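Visitor: Protein sequence lines correspond, in order, to chains B and S.
Under this note's numbering, the first residue of the first sequence is numbered 1, with each subsequent residue one higher.
Under this note's numbering, the first residue of the second sequence is numbered 1, with each subsequent residue one higher.
Please note that the accuracy of each hint is not assured.
[To be verified] Where chain S lies over chain B, by a calculated footprint (3+ residues, C-beta under 8 Å):
| # | segment |
| --- | --- |
| 1 | 148-162 |
| 2 | 240-254 |
| 3 | 273-283 |
Think of the hints as simulated: they come from the structure by calculation, not from any bench.
Just so we're clear, the structure is a prediction, and the values are computed from it rather than from any experiment.
Beta carbons: idealized from backbone N, C-alpha and C, even for Gly.
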Amino acid sequence: MDPIKASLLKKSRAAKSETRGKLISLFCISLIVFIVLAIFYFVASKGLATFFKDKINLGRFLTQSNWNPSLKDSHGRPEVGALPMIMGSFGVTFLAALLATPFAIGAGIFMTEISPKRGEKLLQPVMELLVGIPSVVYGFIGLSVIVPAVRHLFGGSGFGILAGTCVLFVMILPTVTSMTVDALKSVPRHYREASLALGATRWQTTWKVVLKAATPGILTGVVFGMARAFGEALAVQMVIGNAALLPHNLITPASTLTSVLTMGIGNTVMGSLANNALWSLALLLLLMSLLFNLLVRLIGRKGAMGR
Amino acid sequence: MRKRNVISLLVTFSLLLLAGCQSKQNGQSVTAVGSSALQPLIEALAEQYSADHSGQFINVQGGGSGTGLSQIQSGAVQMGNSDLFAEEKAGIKADKLVDHRVAVVGITPVINKQLGIKNLTLTQLAKIFSGEIDNWQDVGGPDQPVVLVNRAQGSGTRTTFEQWVMKSRKTKPAQEQDSTGMVRSIVANTPGAISYLAFSYVDDSIAMVKLNGIAPTDENVMTNAWPIWSYEHVYTKGQPTGLTKRFLAYVLSDEVQHKQVGKMGYIPVAKMTVERSVDGTITKVK
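Build out the structure end to end from the sequences listed, making use of the hints.
Guide: Quick look at the structure:
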C-alpha cells in the first residue's frame, strides 16, 4: 500500500493518546458518579425502610418530638419523632452562620480593601491553619473551655446549643472568610475606580459598590459554611449534650441529627427499627446537603445574571 | 519503553506488598468486637495471650453491645462482646449464638461530690431519673436542681440500670453521653449532676451513693444484695473452634478469673453466689 495513504488512514499517535486520555477521564467520572449513586441508593434503601417496612408515618417522623425508637407510645406506635434533632441541627447551623458572617465580611474587607499586604501575610495563613485543625480538636477545646465557661456564666450543665454554636462558629469561619475574600477579589477593579472617580469615599465605595457586587459570592460562602456546620458530627456531639428534647433555650442540652447518629449507631442492630430510624436521619442529612448544593448553584446563577 | 518499565516496576512492587501481607497472616488471628465496658478486660487478656502464644493474635475492638451482637450474628467476627443477653436485644436471633459469661460488672449511681448525699432509696433513685424528683432538697440534699446525665439509648450500662432501677418507670429524656469517661467528668464538674457508672470507672472525683443502706461493693454484688449488675457476655456463632475456643478457655481459666479479672475491676463469675437468667429470675448457686 502507498505509505502516504496508509498514514492518512491509520490513526496517528496523537489521536490514539487522545482517545486513551478521553477513556481514562470518562472512566474516572463514571466511577465518581457511580459511587455517589451507590451511596444514595444505600442510604435511601435503609432510610426508607423505616417508612415502608416498619410503617412509620413520614409526617409523624418529621413533627413528633419523642425519640425513643426502642419503646412504644400509648397507641403502640414506636416513638420516632425527629423534630428535636431537626430543630437542633438547624438551630446551631443558622446561629453559627449568623455569628460567622459579619466576622467573615469584616476580615474579608480588611484583607482586600484596607490592608491587602498585611492581610495576605497574616490573616491568610491563620485562616488556612484554622481549616486544617481536625474537628475532634475543636470539640475537645469546646468541651474543656467553652462548656465550663457557659456553665459559669449561665448555670446549668453548660452543654447546649450555645456551646455548639460557639464551636461551629470557629469551624466555619475560615470557610466563609476565604470564600468572601475570593468574592471581593473578583469584583473588577474598574468598579472601584469608577466609584472613586465619581467622588465616593473609600467607605462608600466598599459599602455600596464592592460589597453589593460581591453579594452572591459571599452568600455562596455562607451557604458552604452552613453545609459544613450542618454535617459536622464529632465536635458538636461533644458539646451539645445529646438530649433528644425540643430546645427551649440555648443553654440546656439539645441534640442534632449528626450527634444522635454517632451516638446510636453502635448500640443498634442492623435491620431493627432503631437502626432503620437512624438511617432515616442519615437520609435527611444527605437530602439537606443536596439542598445546600442546589442553593449554592441557584445563588451563583442569579449572581451571574446580575452582572 | 521507559513508561513500560515504570509500570512493570509498580506491578512487581504491589505483588511484593501483597505477598508481604500474606506472610504476615501466617499466624492465626480472630477478632472480638462490641461492648466498651468489657473491652479493657478482653484487650488486656488478648495482649497477654498473644505474648504467651506467638503468632496467635486476637484483635479487640469496641463499638458497643449492639455492634458486637449484630456482627457476631452476621458472622463477620469470631467473638461478639455484649453487656446484655442476646435475647434482650431486638433483631438478634439468640438461638444461633452461644453465650460465654466471662465476668460480672456492678453498676452504681454516682453524684457530684458537693451534694453530700450518702444514701438514697431505690424508689427515690427511680423517681430522680424519671423526673418526678427534680430538686435535691426532696431527698435531703441542698436546694439545687437535679442534672441527669444518661448513657446513650441501647447501651448496655443504661439498659441494665433501667431494668433494675426504673422497672416500669420511664426515664426522663435528658443529656446523653456515649462514653463512660465523659459521663464521669461531667458528673465531677457539674453541680447537681447524677449518673451511673460501672464500678471499675469510679474514682475520687465523684461520689457513690448507697441504695437502701447497702454499699456498692463487689461483695454485695456477689450476693445480689446490690441489685444493679450485669454479666459480661462473649458470644460466638455456634460452638467456638480453633483459636477462639483456646482463647475463651484461657479467659475462663481459674488463673485468669481469680487474678486478672478482679484486678481490672470486674467480678469473676465463679464468685457469684447467685445466678440470674434472662428474665431476671435469681437462683442460688450451690
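Visitor: Decide, hint by hint, whether the structure agrees.
Guide: Against the structure, the hints come out as follows:
1. A stretch counts as covered by a chain when three or more of its residues have a beta carbon under 8 Å from one of that chain; for the segment 148-162 of chain B and chain S the count is 6, and the coverage holds.
2. Coverage of the segment 240-254 of chain B by chain S holds [criterion: at least 3 residues with CB-CB distance below 8 Å; count 6].
3. For the segment 273-283 of chain B, the stated coverage by chain S holds: 3 residues have a C-beta nearer than 8 Å to a C-beta of that chain, and at least 3 were required.
When the structure is compared with the earlier hints, no violation turns up for any of them.
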